[in-house]
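Asks: Sequence:
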Amino acid sequence: MNSLERFQPVIILLAVGIGLLIGGVDIIQSGADHFIIPFLMLMLYGLFLLMPLKRVFTSFKKWKFVLTSLVINFLWTPAIAYLIGMLFLSEHPLLWIGFIMLTVTPCTDWYLVFTGIAKGDTVLSTSMLPVNLLLQVILLPIYLHLFFGVEESMGLPLHTIFGSILIIIGIPFALAIFTRRLVKSGGRVAQFFEQANVLFLGVAIAAMFASERTSLIENLDVVLLLLIPLLVFFIINFIAGSTASRFLHFSKSESVSLIIMVLARNSPLALAIAIAAFPDQPLIALSLVIGPIIELPVLGLVSRLLISYK
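Taking this note's numbering, the leading residue of the sequence shown gets 3, the next gets one more, and so forth.
It is worth saying that the hints were derived from the structure and are not from the lab.
Hints should not be assumed to be uniformly reliable.
Cβ pair distances, simulated, as ranges [said to hold, decoys possible]:
id : residue 1 : residue 2 : range
1  : Asp28     : Ala81     : 42 to 48 Å
2  : Ile24     : Ile144    : 36 to 42 Å
3  : Val234    : Arg306    : 16 to 22 Å
4  : Pro281    : Glu220    : 17 to 23 Å
5  : Ile24     : Leu77     : 39 to 45 Å
6  : Pro95     : Leu168    : 24 to 30 Å
7  : Phe194    : Gly151    : 27 to 33 Å
8  : Ser32     : Gly151    : 33 to 39 Å
9  : Leu23     : Leu250    : 43 to 49 Å
10 : Arg183    : Phe37     : 27 to 33 Å
11 : Arg190    : Gly33     : 29 to 35 Å
Quantities reported herein were computed from a predicted structural model and do not represent experimental measurements.
Glycine residues also receive a C-beta, built at the ideal position from the N, C-alpha and C atoms.
Model the full assembly from the supplied sequences, consistent with the hints where possible.
Replies: Spelled out as structure tokens, the structure:
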């Protein structure tokens, strides 16, 4: 983990502030949205380039951990997130969709930072990254279809969502594979992205907040609408991860890894998909922009608590 990655949460919060500040300039606000997807795709390219694909198989040696993580993230979490959304956001369907897109996508970047802070098993957590990424890309459109009947309610065919995901994910993935083959292990390109990836994410987030500044200011109630359901989600999943860890007698480092993994969410990926798949529904994107503002302080607090976790 390089020095920039260690400061990723701080960089993200700074990006939020910078985005809101520069978004006050009309010409910047009107053009900022054109930078979001390109920089998110650059970040994803770097993520795929650095991803330890061979370690996917290593992770399966600890099958109890892998199975528990997958069950919580891809069966338990979608079900509980849908129920929380139904309880708190049923009168705000677009925010409900954004809430689901956020909560059903496990994090593939900053969760490693918080795992390291909390003294978790970063090797095990890293080895789960490709599995989590692959499954969330496959399952996200299916969740949206099952929970909301997106095809009927928004006139958006399921294949359109898959197509958007294929572009956002497929192009960076294909380029990363090509780079790996062209230069062993990505060479200097990989070294560059290891340092620069968090900056690309920061630029994308700054662009998001700059482009959505007016919407955010005009919809401050959205922050309050999402605050309670997200906090409820984090509390429930913290209890679920802690209970599963104790029941299955995981080591302290494994327990920490599991808890962080079932809490941290992949807002950058979900946002990229939302912008591509729902370009005419800014409230969905806005809910995904707001998500990290609530999530990052929660992860910071939890990681500190887990240092003394028994």
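Asks: All the hints need checking, so say for each whether the structure fits it.
Replies: Results of checking the hints against the structure:
no.: 1; hint: Asp28 / Ala81: 42 to 48 Å; in the structure: holds, 44 Å
no.: 2; hint: Ile24 / Ile144: 36 to 42 Å; in the structure: holds, 38 Å
no.: 3; hint: Val234 / Arg306: 16 to 22 Å; in the structure: holds, 21 Å
no.: 4; hint: Pro281 / Glu220: 17 to 23 Å; in the structure: holds, 19 Å
no.: 5; hint: Ile24 / Leu77: 39 to 45 Å; in the structure: holds, 42 Å
no.: 6; hint: Pro95 / Leu168: 24 to 30 Å; in the structure: holds, 26 Å
no.: 7; hint: Phe194 / Gly151: 27 to 33 Å; in the structure: violated, 44 Å
no.: 8; hint: Ser32 / Gly151: 33 to 39 Å; in the structure: holds, 34 Å
no.: 9; hint: Leu23 / Leu250: 43 to 49 Å; in the structure: holds, 47 Å
no.: 10; hint: Arg183 / Phe37: 27 to 33 Å; in the structure: holds, 29 Å
no.: 11; hint: Arg190 / Gly33: 29 to 35 Å; in the structure: holds, 32 Å
In this structure, the one hint that does not hold is number 7.
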